[in-house]
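Colleague: Turn these sequences into a full structure, and let the hints steer you where they fit.
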Amino acid sequence: MLLDYDRLGWLKVALLGFTALVAAFLLLPVVFIVLLSFGSSRWLAFPPPGWTLKWYQELFADPSWVEAALTSTRIATMTAILAVAIGLLASFALVRGQFRGREILRGLLLTPMVLPVVVFAIAIYAFFLRLGLGGTTIGFVVAHTVLALPFAIIPIATALEGFDKSIEDAAIVCGASPLQAKLRITLPSIRIGVFSAAIFSFLASWDEVVVAIFMASPTLQTLPVKIWGSLRSDLTPVIAAASSLLVALTLALMIVTALLRRKLQT
Amino acid sequence: MSVEAQQGIATPRIPAGLGGLLPALILIGLFFVVPVLALLLRSVTDPAPGLQNYAALLGDGTYARVFFNTFLVAAVVTIVTVLVAFPVAWMLAIMPAALASILFGIIILSMWTNLLTRTYAWMVLLQRTGVINRALMGAGIIDQPLPLINNLTGVTIGMVYIMLPFMILPLVGTLRAIDPMTLRAAALCGASPLAAFRRILLPLSLPGIAAGGLMVFVMSLGYFVTPALLGGTSNMMLAEMIAQMIQSLLNWGLGSAAAFILLVVTMALYALQLRLVGSKRAVGGA
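Protein chains in written order, with the UniProt record's numbering: chain A, 1 to 266; chain B, 1 to 286.
In case anyone wonders, no lab produced these hints; they're calculated from the structure. Owing to the predicted nature of the structure, the values given are computational and were not obtained by experimental measurement. C-beta: ideal position from N, C-alpha, C; glycine also. Treat the hints with caution; some may be incorrect.
Chain A side only, calculated, beta carbon under 7 Å to chain B, not exhaustive [to be verified]:
(1) Y5
(2) F18
(3) L21
(4) V22
(5) A90
(6) V118
(7) I124
(8) V146
(9) L246
Modeller: Next comes the structure, spelled out in C-alpha cells:
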C-alpha cells in the first residue's frame, strides 16, 4: 500500500507534513530575501521596522551595479547562442552518427559539467593569462561556453532521440534537400529541446561565480562577481535588492518556459 | 527500419557525423583539455621538476585536515540530503498531479534562483542576530544565540539546501518506475508497512538513491562558493584551499597539485556512477 496515495493512512499525514516542511525550507530564503529588500533596516533586522524602496534606489543609482548586470546579460546571451549552435551540431552527430568512440566523445563533451568548477577555473585562468585573454569579454564567453555546452547538448540530444527520423527521410524522399529537411522538419520538432538548451546555457553563464571571480578585472565584472565582492565586505541590503531582481528574473523565466512548453506541445 | 536503409539513399554518414562534432571538439579540446593538462604539467614542474608538491600536500598535517574536512562535509551533506529527499520524492511520486506541480514549481524556483542569492539569504538568516536565532530565543528554546554560521552547521544547511533538488528530482523518477502492485501484493501477503518498506520499497529505490547520493557527494567534494561563505576558517574545504593557493598565495605548483588530486577523486567517483546508471542518465537526468 505504500505507493497508493489514498491508502497510506496515518503515514500519509506524517509524510505530507514532512514534505510541507521541506517545501517551506526551500521557499524560505527566496521569500525572505524579497521581504528583506523592502525592509528599512540597514542592519537587516527582521521583521523590518518599516518598508522602503531606498535599497532599489541605491542599486540603480550605482553605475557599477547596472554595468555589472549589463555585462552579465551580454556575456550570457553570447554564451547561450554559441552553446546552442555548437550543441545542435554536436547533438546530431552524437545521436545519429555511427562511428567508433561515440560514447567516449559524448562523455568528453559532458565532462565540464562534472569536473569541479574550481579546477577548470584555475586551469583556464592560467591559460588565458598566457594568451592575454584574461579579463576580456571573449575570454569570459569562451570559458562560459565550455561550461554551458553540456547543458545545451543534453536537452537537444534528448529531444532528437525522441524524434522519428523517418519523417525527415520522408521529406527527403519527397524532394527536400537533407539540409532543408533538417531545418524545416526536424528543427521545429525538437524546438522544446533547443529552447531548454538556450535557457539552461544562459543560466549556466548568468549564475556562474567561480570562473568569473578568476576571470574578472577591475573594468570587467559580471553580476555574480559584484555580489561576491559586496558579500565579502558587508551584508548591505542593496544585495537583497539585487537578489530580489534576480528572483524576479527566475520567476519570469519559469513562467515563459511553462507557457512556451504548453504552446509548443499543442 | 528507416527509409534510407530500405531505399539506399543514405548519404555517407560517418564523415557527416564527425563534421558536426568538430566545433564542439575544438572548443573542448583547446579550452578545456589543453588547459587542464597544462595544469597537471605545472603541478610536477613548478617550482622545479618532481613530485615535491604532492609530497608536501600529502605529508603535511594542515593539508591532511583540509582533505579530511572536505570528505567529512561531503559525507554529512550527502547523508542528510538523502534522508530529507527520500520522503519528499516518495510523496511527489504518488501525490495528485495538481499538488505535485506546485511542489515541483517550488523546487525549480529554489534550484534556478541565483546561487549567491540563496547563499546570501542563509548568511543573513543564520547569523548571530539572525531570524533563526531570534526565533529560537523568543520561543525560549535557547538563551544564547547558537553558532550557526562559519562552522560545519552553516555549511551543511547551505549545501543541503542546494543539493536537495538534485536528489529529489531523479529519485521521483526511480520511485515512479516502481510498480505499486508489488507493494499491494506484499500487503495482501500480510507484510506490515515497515516490512514492506524495508524489504520492497527501499531495495527497489536503492539504485536511484545510490546514483543520486553519489552525484551529491561528488558535487559537494568540489564545491567552492557555499563553503567559502558559510564555513569557517578552521574547517576550510579543498576547493577553497585551491582558490586561495592560486589567488592569494600565488603558489601555482601546490595549487595545481591540489586541483589535480580533486580531479582524480572526482573523476573516479564519476566513473563509478556511470557504471551504476549508464552514461546517458548519469548527469542531469531529471
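Colleague: Any CB of chain B closer than 7 Å to the CB of A:Y5?
Modeller: OK, holds: A:Y5 within 7 Å of chain B, min 4 Å.
Colleague: A closest beta-carbon separation below 7 Å is what the hint needs, so does A:V118 meet it against chain B?
Modeller: 4 Å, holds
Colleague: Can A:A90 be said to touch chain B, with a Cβ gap under 7 Å?
Modeller: 4 Å, holds
Colleague: May I ask you to test the interface hint for A:L21 with respect to chain B, counting a Cβ-Cβ separation under 7 Å as satisfied?
Modeller: 9 Å, violated
Colleague: The hint names A:L246 as touching chain B; please verify it with the least Cβ-Cβ distance against 7 Å.
Modeller: With a closest approach of 4 Å, the A:L246 hint holds.
Colleague: Under the criterion of a CB-CB separation shorter than 7 Å, is A:I124 in contact with chain B as hinted?
Modeller: This interface hint holds because 5 Å falls under the 7 Å limit.
Colleague: Hey, does the A:V22 contact hint survive, CB to chain B under 7 Å?
Modeller: 5 Å, holds
Colleague: Does the nearest C-beta of chain B fall within a distance shorter than 7 Å of the C-beta of A:V146?
Modeller: 5 Å, holds
Colleague: If you take the shortest Cβ to Cβ gap from A:F18 to chain B, is it below 7 Å?
Modeller: 5 Å, holds
Comparing the model with each numbered hint stated earlier shows that hint 3 is the single one that does not hold.
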